[in-house]
Structure formats: structure tokens, C-alpha cells
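J.: Single-letter residue listing:
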Amino acid sequence: MKLLYFAWLRSKVGMGEETVAPPAEVRDVSSLIAWLKERGPGHAAAFADLSVVRVAVNQDYAGLDHPVRAGDEVAFFPPVTGG
Amino acid sequence: MKLLYFAWLRSKVGMGEETVAPPAEVRDVSSLIAWLKERGPGHAAAFADLSVVRVAVNQDYAGLDHPVRAGDEVAFFPPVTGG
Amino acid sequence: MIRVQREDFDAGAELNGFCAANGKVGGVACFVGLVRDYVGHDPTAGETVRAMTLEHYPGMTERQLAAIEAEARGRWPLEDCLIIHRHGRLEPGDRIVLVLTASAHREAAFQACQFLIDWLKTKAPFWKLEETSDGGQWVEARSSDDELAARWAKDGNR
Amino acid sequence: MIRVQREDFDAGAELNGFCAANGKVGGVACFVGLVRDYVGHDPTAGETVRAMTLEHYPGMTERQLAAIEAEARGRWPLEDCLIIHRHGRLEPGDRIVLVLTASAHREAAFQACQFLIDWLKTKAPFWKLEETSDGGQWVEARSSDDELAARWAKDGNR
Numbered sequence: 001m002k003l004l005y006f007a008w009l010r011s012k013v014g015m016g017e018e019t020v021a022p023p024a025e026v027r028d029v030s031s032l033i034a035w036l037k038e039r040g041p042g043h044a045a046a047f048a049d050l051s052v053v054r055v056a057v058n059q060d061y062a063g064l065d066h067p068v069r070a071g072d073e074v075a076f077f078p079p080v081t082g083g
Numbered sequence: 001m002k003l004l005y006f007a008w009l010r011s012k013v014g015m016g017e018e019t020v021a022p023p024a025e026v027r028d029v030s031s032l033i034a035w036l037k038e039r040g041p042g043h044a045a046a047f048a049d050l051s052v053v054r055v056a057v058n059q060d061y062a063g064l065d066h067p068v069r070a071g072d073e074v075a076f077f078p079p080v081t082g083g
Numbered sequence: 001m002i003r004v005q006r007e008d009f010d011a012g013a014e015l016n017g018f019c020a021a022n023g024k025v026g027g028v029a030c031f032v033g034l035v036r037d038y039v040g041h042d043p044t045a046g047e048t049v050r051a052m053t054l055e056h057y058p059g060m061t062e063r064q065l066a067a068i069e070a071e072a073r074g075r076w077p078l079e080d081c082l083i084i085h086r087h088g089r090l091e092p093g094d095r096i097v098l099v100l101t102a103s104a105h106r107e108a109a110f111q112a113c114q115f116l117i118d119w120l121k122t123k124a125p126f127w128k129l130e131e132t133s134d135g136g137q138w139v140e141a142r143s144s145d146d147e148l149a150a151r152w153a154k155d156g157n158r
Numbered sequence: 001m002i003r004v005q006r007e008d009f010d011a012g013a014e015l016n017g018f019c020a021a022n023g024k025v026g027g028v029a030c031f032v033g034l035v036r037d038y039v040g041h042d043p044t045a046g047e048t049v050r051a052m053t054l055e056h057y058p059g060m061t062e063r064q065l066a067a068i069e070a071e072a073r074g075r076w077p078l079e080d081c082l083i084i085h086r087h088g089r090l091e092p093g094d095r096i097v098l099v100l101t102a103s104a105h106r107e108a109a110f111q112a113c114q115f116l117i118d119w120l121k122t123k124a125p126f127w128k129l130e131e132t133s134d135g136g137q138w139v140e141a142r143s144s145d146d147e148l149a150a151r152w153a154k155d156g157n158r
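Line by line, the protein sequences are chains A, B, C and D.
Sequential numbering of the first sequence, starting at 1, is according to my numbering.
Sequential numbering of the second sequence, starting at 1, is according to my numbering.
Sequential numbering of the third sequence, starting at 1, is according to my numbering.
Sequential numbering of the fourth sequence, starting at 1, is according to my numbering.
Hints in this document: simulated from the structure, not taken from any laboratory.
Computed from a prediction, not measured in an experiment: that's the story for all the values here.
Beta carbons are placed, not taken as given, at the ideal position from N, Cα and C, and that holds for glycine.
A portion of the hints provided could be inaccurate.
Keeping only pairs whose Cα atoms sit at most 30 angstroms apart, straight-line, the calculated DSS-like set for lysine-lysine is [what the hints assert, rightly or not]: (1) 123(C) to 2(B); (2) 2(B) to 12(B); (3) 12(B) to 37(B); (4) 37(A) to 123(D); (5) 123(C) to 24(D); (6) 2(B) to 37(B); (7) 2(A) to 12(A); (8) 12(A) to 37(A); (9) 24(C) to 24(D); (10) 24(C) to 37(B); (11) 24(D) to 2(A); (12) 123(C) to 12(B); (13) 37(A) to 2(A); (14) 12(A) to 24(D).
Derived Cβ-Cβ restraints for the label pairs, each shown as a range [unchecked claim]: (15) 27(A) to 135(D): 13 to 23 angstroms; (16) 51(D) to 131(C): 47 to 57 angstroms; (17) 77(C) to 67(A): 27 to 37 angstroms; (18) 138(D) to 37(A): 20 to 30 angstroms.
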């Protein structure tokens, strides 16, 4: 599973991209985030306040209950500020 | 008093501009139009339906009760279609 | 600023100049009105316009456009505003009118731009004469334009 | 059409090309977003932005912009539509975004243009990092942008 981090989430996690193989219990965005928070203080800081985190699964916006599986591209980023 | 006619009012009246000296009873737009309608069939045709005639006195939109006096510039035209 | 002219204008050059002059403000909204190639307001009606002539009332036109611009500047926080309106003979695809507004708030720029074109269409003394195969015919004012303009009377911000 | 690019664009040349391609349709609405020279959203706050960097999510950006364009074309009778959005490092006065819409109905052109910029500001994955004398800071999303975007969810024509 490929994970992408943008803007300040990238700074907090300390990288823009990583490839992970979460355990079988990780079935949706919510459980993926819970699992990632255990990976270190950077991840824990990035996901401390989920109200300012947006998620895309395979380049489409997704909610916390959206399923994730091996091979997915999951991106985490703050609310967008383009335009 | 200088009168101006635009668009199809000009065609009906047969001229774009004329200078007139109406009698003293002509004190407002309404009485000016009544007086003009007597000047000939072109004028009568132009003013047959006042719902499609707009009036400006000294280059500002004016209603039928707007006063007119010697020296004024009074223009008659259909609803505008610019832009 | 307002300009009433017979000559063509370069919409792109005007937009670029306007952005450069107001470049640090945030947003620029723009409307370009072009001569349609069909008679009246229905593109499917079949008849083709060869050209049109825009008659105007010199003096009153400038006066009305200046008043419309002043009204927009009073209603919205505009950095700048430009209206160019042509008169004379125009062919399909030719530029008729350009409205440019700049504001720190894009919604103000959009609303002022719409307001300007709505008022211009209902208050600026221009009349379109369409040339068709039958000769010429004066375009009739549209009630839809009156309705679009009327919304600004009721409520400055809609 | 959508274009996501690091390179600058010539807003005027794009406008002229768009008008020429859709010249006989009636009206073209346009919005140009430019880099502000002040931090955040308050021009009176005092601090000056030296530059900003627009980060984006390659792939998802194009996907979201294409979806936003398709949505606009479904909602309004558009002849044509063009969105250009830049990424990378930009300085005050630089062009960020261009939205162009063409329609026989000017109100459709305006509404689609506003819809596109509103959705783009709330759905397209771009993030602004402002360079100031203190270093860099990520721009926070504005609730006013969410409110502007939300109106289109309630009512396609407002």
C-alpha cells in the first residue's frame, strides 16, 4: 500500500511517501490511521487532529470508513488552498 | 429645445434631430409628446405606443411627468439593447 | 474607467494590462460580449446575421456608463474597474463589450462584473440593428435582461 | 479543457484564443487569480509575502479538475470551458489560476465560472506555502470558501 503525505502532514511525518504493508485488521481508513499513529511521534503528530486531515483513496476523496486494501494509493493532506 | 430620436423612432419620425419651440402649455414630457404627435404622421407613428418609448431629458432618464423647458435636450428611443 | 469607441479593442491585452496594474489584489473577473451569428436570441431559429450596427447616444452613453461604474464602486470593494463598449458596424465574432473588475474578494469581483453588464444592457443607450438577408431589423429588448438587472435593485448582494 | 502546469500562462492570449474559438456564441466569462502580496487574507495585517509555493498532488489534481469541469458542463449550457492552474514557486502578482467559460447565455457563463473557481478552491488538491520574513507558513483553508462552494450543492442555479 502506497501512502502519500502533502503540505504540513508531509513535514510532520517527515516524508512525502512510504510503502507499507499493514496487518489484516487494517481494513479501512480509520484503522489505517490508528495503525500509522503507532509508527512514531511524527505520524502521531500528523494525525493528532483528524478534523484538519483529508483523505483520498486512489485519488478520490474518501471518508474514514472507506475500505483500504493492498495496492491502494492512500493520500493524507490538509484542507486544500489552491485557486 | 433640441429633440433627438434614436433607432426605430428615428426611422419613423424621419430624422435624428430637430429643434422645436413648443408653446407655453408644453411643460412636461407628456405634453411635449402630445404636441409632437400633431406635427405629422411620422411623429404620430413614433409615439403610438409609449410602452416601448424611453425618454431622457438632458441625458438622464426621465418619466412622462418630468418637466421640460427651453434649452433642454430631450431624447426619445426604444428600450436599449447594448452589451 | 470607461471607454466608448468605434475601434476594436484587444480583450487579451486589456486583461493583461488590468492584471498587471492590479496584480497584487487577488482576483480579476472579466466578461467579453461578442456579436452572435444568429438573429435575435435563438441560435436554432435558422437565420444568420451578416453584421450589426450599434447605434448609441453620444454624451448620454458616457454619462450612463460613468454612473454605472460609480454605482458598482460604491457597492463593492473594487480595486479597479474598466468598461469598454463599441459602437458602429460589427460582424459576427467581433467584440462588443468588455467589463473588467479587480477585488481582493473574488465574489465582489464577480458580482460587480455581473452587475455592470446587467445594468449596461438595460441602462446604457445602445441599440442593435441586425443586417439579415431581408434587410435590417432592430433587436428587441429582452425581458430576461430586465429581470437580471432588477435583482440588483432588490438586494445589492443578491 | 484543463491544464496543470508549472509554467506561467498568458491570460490575455488565452482569453483571445478562447474568444476566437467560441466567438459567435455570445459571451465569455473569465476569472484570473493572482498571488497576493500580503500574508493570509487580510491586506491590512501588515506582513508581506515574498513568494509562495503551490504544492499539488499530481494525478489527483488532473482527476479532480476534470471532474469539476464535467460537473460544470452538465449543469450549464456551455460552449466551452478552460481551466489552467499552476504549481511551484510564485511571486506576488504572478498568475495562479485562469478559468474561462463560453455560453450563449451570459448568466450561464458567469455561474459556471464562479462554480468552477469555488469548487477548485475547495476540492482541487493544491496547498499554498507562503514565504515570509519568518520563514514559511501553510495557508489555512477559509471557511468563506467552503460557504461559497456549498451554495452549489444546495441549488445548481443558486
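J.: For this structure, which hints from the list above don't hold up?
T.: Hints 9, 10, 11, 14, 15 and 17 contradicted; others consistent.
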